[in-house]
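Chains as they are written, first to last, in my numbering: chain F, 1 to 189; chain V, 1001 to 1293.
The hints are simulated quantities; they were obtained by calculation from the structure and are not laboratory data. Only a predicted model underlies this, so the values are computations on that prediction, with no experimental measurement involved. No residue lacks a Cβ here, since even glycine has one placed at the ideal position from N, Cα and C. Keep in mind that the hints are not guaranteed to be accurate.
[Claimed, not checked] If the Cβ cut is set under 7 Å, some of the chain V residues that face chain F in the computed set are:
{"hint": "1", "residue": "Met1001"}
{"hint": "2", "residue": "Glu1014"}
{"hint": "3", "residue": "Gly1018"}
{"hint": "4", "residue": "Gly1019"}
{"hint": "5", "residue": "Asp1098"}
{"hint": "6", "residue": "Thr1255"}
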Amino acid sequence: MGGIFPKIGILGLQGAFQKHHEMFKGIQVEARFILYPGQIRECDGLVLPGGESTTMTKLISEMHLRDELDAFSGPIFGTCAGAILLSKSAGDSRVQTLKRMDIRIDRKGYGRQVDSFIQSVQLTFDKTPFRGIFIRAPRIVDFSDGVEVLGEFEGEAVFLRDNNNLLATFHPELSNDARVHQYFIDQFF
Amino acid sequence: MEKGTFEVKVGLAEMLKGGVIMDVTTPEQAKIAEDAGAVAVMALERIPADIREDGGIARMSNPRVIQAIQQIVSIPVMAKCRIGHFAEAQILQALKVDFIDESEVLTPADEENHIWKLDFKVPFVCGCRDLGEALRRIGEGAAMIRTKGEAGSGNIVEAVRHMRKVQAGIRKLTILQDDELMAEAKGLGAPFEIVRQVARDGKLPVPNFAAGGIASPADASLMMQLGAETVFVGSGIFKSDDPAARAKAIVLATTYYKDPEKLAEVSMDLKDAMKGLDIASIPENERLSQRGW
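In isolation and in its complexed conformation, chain V is listed as follows:
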């Protein structure tokens, strides 16, 4: 019997496709997310918008809160650890969370090295801004990639930038000749074998999801149309005026992302979305997407 292998890890990511993964900080929020049709919840101490506002060091959630969330919902429970903080990841594995997000939303623990994810039985998801970063994380063992976007901003512009960069990078690989791939791998700073694989298949070897700034049904549709296979919604739900209704609307929008009439219908009765931030107003050194490499 094989457990914890790459195939088993990617298998769960496959099952989450076409769904919405929601950030939650309490069992009550987790229940709202599950009732709205979330395919998974992401347990964290504070949602990104509050982390941004409160400042201080953002760490892995309290294990007791994670357990309470695991007890109340039947869908997969994910949790975040700090970049490079493999001890937090070990604890999350011991808690049997279903996916670990090595996340730039928390304060990085290592500014040079990410976690060697191949050592773990639990699958990992990691953020990226471009193809090179995605392939480096896959090289370390990530079973799912997501755009970083700009978490807690309620602004989709960075997620769009990152998704377009990843997709353009993939398209470029598919038209390069064999003798051009090594130079491209050097430029990307990405493992050569994975670069060859993407060039051959025309897609990442793991599912490619979107995160960071999704706040409305239209945002979810936009990211799906740009090539995301699932969306993460963080602050967008619980910082809005009507979390349950908005969560449900975003779930429908992700399934019916190609149907503008349906999108209009699900958007119609929503109250105000989170206020959101202009990226230019966030000082460079406070942008979460700049964390990790």
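The shape of chain F in the complex, shown without the other chains:
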């Protein structure tokens, strides 16, 4: 963007939207919360935060945000519940995904909260691993050839890119490490 920072909109319906905001603030990127129709088209890029994907599905539909999300052509970055929303299918009729990434995802693939974990994620673009915080995380079941894996642990893809969409099944917004957010800004705008 040649020194002009992109306008990032964070879906602020529910979940860890504030944490994403703090992350972007830390790297001097302006972010605002999306709550109403009309706000999405004013953004250069969007973030779909972690939270409950069923709740977000309800609120997206209730507030008539779906059409604007579908029409949005800029980059979208989704974490956890946001990753579920970006996927092609989550195998659950309670969640209406945006089908922007050619990925199939299992919403409860790692189990319940007692199975939530922290694991070092190996990144393709940086030697230092990322401390991945996985909270009732979705699990990637499969993805098409066009999808690029940017991070994994023990052969599990957990951080992926498909065209101008970026997805992490963990929560980079909960760590004190802005590399994933920085990557989104540097590589997508």
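Fit chain V to the supplied structure of chain F, relying on the hints for placement.
Then chain V, alone, in the frame of chain F:
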């Protein structure tokens, strides 16, 4: 691989922010809650208003009911255990509930000691009336704090009192000097290291939610504006005349708590809220918020 650590526990509490956690007693109610957009359900044997009415000992829910609720909804399932009843908590952990509420709504099992929550992999939420109580529970390992309010009353006045006390306590810590913090910790009856941390950060180290008496969209907005990060609704939904519509309206009110026009819109077509109780009419020894310390 790290599991069950403080960071992992607080992580789930972070994901619940800006949402509504609803008390349910049956799988059917759990389904209504999920369909309305709840971020989690709290499984319990009887809702607080009925516990209050029926009397007797209120215990952890039947494991079979908890399992049935876990099977029917995909959102996190929480369950309550009695204050100090670590065996109930162990059973709830074995059932893999997502959060345990060590709750004053149930009959306390220990009048001196709360559960040592650091021993558990499952995160705990605990009630509080003021900052000292919040910090004592965090010292024992709670990953989420909520106001006690007065459960089952349909009356918001106690939740407001407790939230204001917690927030005022935090604000006070931020203006005290280092050499005044020990005396303040003594007065609060709270662990000194956590007092220092709150003084430095200006907020609790765990998410701070509201509970106890929320019965309308306006109540949810009020608590959010007072600093709650999520609301628990107990009797307020299933004791009202239109649970599904009210549940949905409270979900919207929690997201759009700063938007009075939206709040008016979501409140407009609701039927009657639960009747509710004047706190003064509840004898001191029957007030649930007096349980625990």
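inquiry  = So, against the hints stated earlier in the document, which numbers end up violated here?
reply    = Every hint satisfied by this model.
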